[in-house]
Each structure stands twice: as structure tokens, then as C-alpha cells.
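Protein chains in written order, with the numbering used here: chain X, 1 to 216; chain Z, 1001 to 1164.
Just so you know, these hints were derived from the structure itself, not from any lab.
Yeah, the Cβ is synthetic: ideal placement off N, Cα and C, and Gly gets one too.
Wrong hints could be hidden among the right ones.
Across the chosen pairs, the derived CB separations fall in these ranges [said to hold, decoys possible]: (1) V188/X - E1103/Z: 55 to 63 Å; (2) K212/X - E1104/Z: 52 to 60 Å; (3) I117/X - L1108/Z: 35 to 43 Å; (4) D1130/Z - I117/X: 29 to 37 Å; (5) Y24/X - T1101/Z: 41 to 49 Å; (6) D1032/Z - Y24/X: 20 to 28 Å; (7) N1152/Z - V183/X: 51 to 59 Å; (8) R1134/Z - S104/X: 54 to 62 Å; (9) V183/X - R1134/Z: 35 to 43 Å; (10) D1032/Z - S82/X: 42 to 50 Å.
Interface residues of chain Z toward chain X, partial, derived using beta-carbon atoms under 8 Å [unchecked claim]: (11) L1005; (12) L1013; (13) H1021; (14) Q1039; (15) T1101; (16) L1116; (17) L1128; (18) K1150.
Residues from chain X that keep clear of chain Z, each with C-beta distances beyond 12 Å, as calculated [claimed, not checked]: (19) W12; (20) P20; (21) V39; (22) V51; (23) T186; (24) V188; (25) A191; (26) F194; (27) L201; (28) R206.
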Amino acid sequence: MMDELELLKKDWQKKEEHLPKLSYNEIYTMIWKKSSSIVKWILIISILEIVLPHLLYLIPSMQDGLDFYEEAGVTSYFLGFSIFYYAGVAYFIFQFYRNYKEISALDSAKNLMRRIIKTRKTVKYYVLFSLSMCLSMFVVLAFFIYFNDDFILSFQEATAKAKTINIDKIRTAVMWTLLIGGVVFTAVLGAIYFLLYGLLLRKLNRNYAELKKLEI
Amino acid sequence: MNKELEHQFVTELENNQNIVHKVCTLYTNDRDSHNDLFQEITIQLWKAYPKFRGDSKFSTWMYRVALNTAITLYRKSKKRINTQDYESVIFKIKAEEYDPTEEEQLKLMYKAVKQLGDIDKALVFLYLEDKDYREISETLGISEVNARVKMNRIKNKLRTILNP
Chain X
1 MMDELELLKK
11 DWQKKEEHLP
21 KLSYNEIYTM
31 IWKKSSSIVK
41 WILIISILEI
51 VLPHLLYLIP
61 SMQDGLDFYE
71 EAGVTSYFLG
81 FSIFYYAGVA
91 YFIFQFYRNY
101 KEISALDSAK
111 NLMRRIIKTR
121 KTVKYYVLFS
131 LSMCLSMFVV
141 LAFFIYFNDD
151 FILSFQEATA
161 KAKTINIDKI
171 RTAVMWTLLI
181 GGVVFTAVLG
191 AIYFLLYGLL
201 LRKLNRNYAE
211 LKKLEI
Chain Z
1001 MNKELEHQFV
1011 TELENNQNIV
1021 HKVCTLYTND
1031 RDSHNDLFQE
1041 ITIQLWKAYP
1051 KFRGDSKFST
1061 WMYRVALNTA
1071 ITLYRKSKKR
1081 INTQDYESVI
1091 FKIKAEEYDP
1101 TEEEQLKLMY
1111 KAVKQLGDID
1121 KALVFLYLED
1131 KDYREISETL
1141 GISEVNARVK
1151 MNRIKNKLRT
1161 ILNP
């Protein structure tokens, strides 16, 4: 076998003449092309993840939703929630930026992979954070409605028909709808995120595992 | 200044492009992917170039960036057709210099190397490029001992592929 590899080595070094040859100009145009590396994809997806949820507030119906919170008297909870949430987001953006900056193609293969995985982990924790915030938002709202009659009453006044229905029934129904809806919504979002990253980093994870296995 | 840097970089890459082509040959199966990977490596090299201080040879530095791009950074583009004839062009063996059995053997060897995983390919590539274990271990980020162990395993793996 040793001899065969040596034979291959000799042949390999002779093969250069068969390789394609690019001109100066061909290479020159290449340096201005856009990269499509996975690091770039992680960056793009992460920016979308942070920006997209906030774009929802630009939709008129969502703004109505905010007014509706105000009427229902949830504003102070909502404000506290927002402060906590944005502090979290700021922390994750900072962490992401720090890890992202450390990624360098000049590193050894193993270090490069480790750094990318670290950056992706920051995104993973951000996603988990956002998802749990989203879920707790639903839960808080559900219990708020359950324990606060004002909300149901204002709701009931709006619909004439509702007067004929038992208030307890509406209360329970609204709470369960919010809870189940919240869980389903969170689960679907989570599945999309993890599928996306799973596909994007499948090759990297496999290669990193292989290099790590060597160190044991 | 910038223009000068561009010129310097493109000239260096033009003179050393064989290294990148060899990596592309090993990691892709058709001409489109070859060009695609070549382009991505070029972009990564250019991005990293300002950090290249000249404390090592340009070619040494290229091995690292090219392999990192092929193994880790590169995202395959959508179309993926395996064209057999392309491989035979690149891996063409010069018949005059070898007897038929040796030629056959080499063909099988190249085929076997192409079947290896990404990391194994990188080791074989550096080995074929006559790099020592110190450089192999530094490029991949593993210890020298482990690089040797891994290389022995790859030799065994190749043997199994060649003699099933």
C-alpha cells in the first residue's frame, strides 16, 4: 500500500499540466463576486431572525393589537416584557458579533469549525430565548384573561350574542385557545429554525465530529 | 494602494492557481462545481489577503485557506450532476510512461481517494503535495501523532476500497 501511495504521489505531481489554467482577468473578476459561504448564510439568517419579528409591528392589525393591549390594561406587563426581551436581544447581538468576528479562514480546520459552531450556538440560544419569550407571552396573556374579568366583559359587550353564553365558558375557551395556539405556534417556528440550521450545518458537524474523534 | 494590492494578489494567485485547482478536483465531480468552488476559494483568499503578512510563503498560506473553504465554508450550489467524462479528463494518466497494470492501478487509486470523506481527502491531498506531518497537523488543527494515526487508517481504508 505504501508503494501504491508513493506511486500516486509521483503521478499526482506530474498531473499539473492537465489542470485548467485561468487568466489574470478571469481571476480578477472573481475577487469581486459575492461569497456564498455558510458563514455568510448564518449571518443572513440571523439578521432575518432578529429583524423579521419586528417587522410584524408595521402591519396595521398588529398596531391595533397594541392598542387593544392598552385597553385591556396589560401595558405595564407588556412594557416590562419588552425591556427584558430587548436586553436579551442586545446581549445576543453582541455575542454573535464577537464570535462572528473571530471566524477566520486562516485558522486551522478544527478551530475554524469550532468557531463557526460557537457562533451558531449563539444563534441557537437566541432562537430558544425568542421561542420561550413567545410562548410565555401566550401563557401570560392566557392567565391574565382567565383571572381578569374586565377583559372578558369588554369582549362580551362587543358581541351582543355573547350575553347569552356563560362567562366562565368563554373564559376557559379563550384561555385554552391561547395556550394551545401558543404551543403550536412556538413548535412550528422552532421546527423551521432547527430544520434550517440542521441542513445548513450538516456537513460541518460531520467533519467536526470526525476531527474531534481523533483527539480521544 | 488598493489597486496595487489587487494586482499583487491576482498575480500571486495566477502563478499558484494549480493548488486551488487540485483542491477543486479532489472535492468536486463536475466542471461547474469545480469553477464554483474555485471562485469561492478565490473570494476567501482575497478576503484574508490583507492579513497575509508574508511570514510564510504565499503557497503555504493558500493550502490552508483553500482546504478550509472546501471542507467547511463552501456551500454546494443546487445543480449536482456527476459527469464521468470530466473526471477522466482531469485524472488522465499518461500512458507512455506506465505499463498497463500500473495505469489501471492508478486509476483505481484516484477513484478510491475520491470516495473518501472530506477530512481524509484533506490528509491525502497534503500527503500527495509532499507536506510533512507537522504542516498537516497544523493545517487541520490536530496533533502530529493523531495525523499519523489518521493517515495509517486512511491507508487501510484505501486498501479495503481497492481490494474488497
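Was V51/X rightly flagged as not at the interface, with every chain Z Cβ beyond 12 Å?
-> With a cut-off of 12 Å, V51/X remains clear of chain Z, as the shortest Cβ separation is near 22 Å.
Taking the minimum C-beta separation from W12/X to chain Z, is that value above 12 Å?
-> violated (4 Å)
Holds or violated: 29 to 37 Å for the Cβ distance of D1130/Z and I117/X?
-> With Cβ atoms ~32 Å apart, the hint holds.
Grab the minimum beta-carbon distance between T186/X and chain Z and tell me whether it stays above 12 Å.
-> Nearest chain Z Cβ is 29 Å from T186/X, so the label holds.
Close enough to count: is the Cβ of L1116/Z nearer than 8 Å to one in chain X?
-> Violated, because the Cβ-Cβ distance from L1116/Z to chain X comes to roughly 11 Å (cut-off 8 Å).
Y24/X paired with T1101/Z, Cβ distance criterion 41 to 49 Å | holds (42 Å)
Taking 52 to 60 Å as the hint, is the beta-carbon distance of K212/X and E1104/Z inside that range?
-> About 38 Å separates the Cβ atoms of K212/X and E1104/Z, which means 52 to 60 Å is violated.
Looking at F194/X again, its CB stays over 12 Å from all of chain Z?
-> holds (18 Å)
Is 35 to 43 Å right for how far apart the beta carbons of V183/X and R1134/Z are?
-> violated (55 Å)
Is the hinted range of 35 to 43 Å satisfied by the C-beta distance from I117/X to L1108/Z?
-> holds (36 Å)
Check the non-interface label on V188/X: least C-beta distance to chain Z beyond 12 Å or not.
-> Since the minimum Cβ distance to chain Z is about 26 Å, V188/X lies beyond 12 Å and the statement holds.
Do the Cβ positions of V188/X and E1103/Z conform to the proposed distance bound of 55 to 63 Å?
-> Between V188/X and E1103/Z, where Cβ atoms are some 57 Å apart, the hint holds.
In this structure, the earlier hints numbered 2, 8, 9, 11, 15, 16, 19, 20, 21, 27 and 28 are contradicted, and the remaining ones agree with it.
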